[in-house]
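Q: Each chain, written out:
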Amino acid sequence: MIGWQLFAIILGVSVAGGLGSVLRLFLGRWVGKLPWGILVGNVLASLWVGVMANSANWALAVILISGFAGGLSTFSGFAAQTVDFFSRGRITQGILNILANLLLSSTAVVIGQALSAEMLKWT
Amino acid sequence: MSSTSRLIRLTFLGGSLGTAARFTLSITLGDVPSIILVNLLGAALLGWFNGNPRNDTPDFNTFWKVGFTGGFTTMSAFASFSVLYMQVLGIWAALATVAISALGLAAYALAFNASKKKARA
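Top line first, the protein sequences correspond to chains R and F.
So the number in our numbering is just where the residue sits in the first sequence, counting from 1, plus 17.
So the number in our numbering is just where the residue sits in the second sequence, counting from 1, plus 18.
Take the hints with a grain of salt, since some may be wrong.
What the hints assert, rightly or not - Here are a few chain F residues that sit away from chain R, every Cβ distance over 10 angstroms (derived from the structure):
{"id": "1", "residue": "Thr75"}
{"id": "2", "residue": "Thr87"}
{"id": "3", "residue": "Gly89"}
To be verified - So the derived list for chain F, only partly shown, Cβ under 10 angstroms to chain R, looks like this:
{"id": "4", "residue": "Ile26"}
{"id": "5", "residue": "Gly32"}
{"id": "6", "residue": "Asn70"}
{"id": "7", "residue": "Phe96"}
{"id": "8", "residue": "Ala97"}
{"id": "9", "residue": "Ala127"}
{"id": "10", "residue": "Ser133"}
{"id": "11", "residue": "Lys135"}
{"id": "12", "residue": "Lys136"}
{"id": "13", "residue": "Ala139"}
Don't read these hints as lab results, they were simulated from the structure.
Note that the structure is predicted; figures quoted are calculated from it, not measured.
Virtual Cβ for every residue (Gly too), placed ideally from N, Cα, C.
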């Protein structure tokens with residue numbers, strides 16, 4: 018890849034990541050029995066990755082997948098919340114948080130891929 | 019600048035920086051090694067930050083914790099590659115996903131405790 022093209026992609030990914038992070042900042046305020054905001058951010062981002070999987074525009078897909086979805090989702094926040102549950106003796110919540118994040122995020126990727134495949138049939 | 023506006027700007031800057039660092043690593047190392055590395059490293063970094071009470075300021079929390087480590091790590095790419103490999107390797111990929119997640123939690127906890135110990139010393 019030519020230098021300036023790579024630079025433009027990195028810049029686009031970076032800006033999209035910043036926007037995804039800002040969305041996560043607001044979603045992250047939604048906390049209850051589980052950190053729902055982080056969970057919803059992770060699931061929505063995973064769904065988005067699945068939907069964009071068949072995108073014909075490579076550069077746009079990279080910016081929206083690595084940038085926006087990557088910025089919206091977080092592994093560190095998930096780890097921090099889960100360890101916090103365990104350290105407070107809230108074992109059930111910790112285990113539920115792990116299961117919800119891993120299973121729902123993976124399921125969202127599959128649903129996104131299916132939606133993407135359906136959309137391709139219609140275009 | 020209002021408080022909310024400042025939080026948004028700091029999160030955007032930290033998130034952009036973290037995302038750019040993650041993307042640059044993915045170009046250099048390849049997708050799967052970089053996803054594992056950023057998630058373990060990012061979890062440890064957040065643990066290190068959270069372990070020291072002196073880091074608990076609104077600006078630090080927003081730029082470094084929400085922005086940088088949040089943007090540096092990724093659950094969506096992790097889930098995406100887990101699904102991809104599960105279609106090929108089945109249960110082994112699922113076990114690897116659980117193992118990497120457990121390592122991420124351990125990385126956070128170890129860094130948190132080390133940072134807390136250092137802050138007390």
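Q: Run every hint past the structure and note whether it holds.
A: Hints, one by one, checked against the model:
1. Thr75: holds, 16 angstroms
2. Thr87: violated, 4 angstroms
3. Gly89: violated, 5 angstroms
4. Ile26: holds, 5 angstroms
5. Gly32: holds, 7 angstroms
6. Asn70: violated, 14 angstroms
7. Phe96: holds, 6 angstroms
8. Ala97: holds, 4 angstroms
9. Ala127: Holds, because the Cβ-Cβ distance from F:Ala127 to chain R comes to roughly 5 angstroms (cut-off 10 angstroms).
10. Ser133: This interface hint is violated because 13 angstroms lies over the 10 angstroms limit.
11. Lys135: violated, 15 angstroms
12. Lys136: violated, 18 angstroms
13. Ala139: violated, 21 angstroms
Going through the hint list in order, the structure does not satisfy hints 2, 3, 6, 10, 11, 12 and 13.
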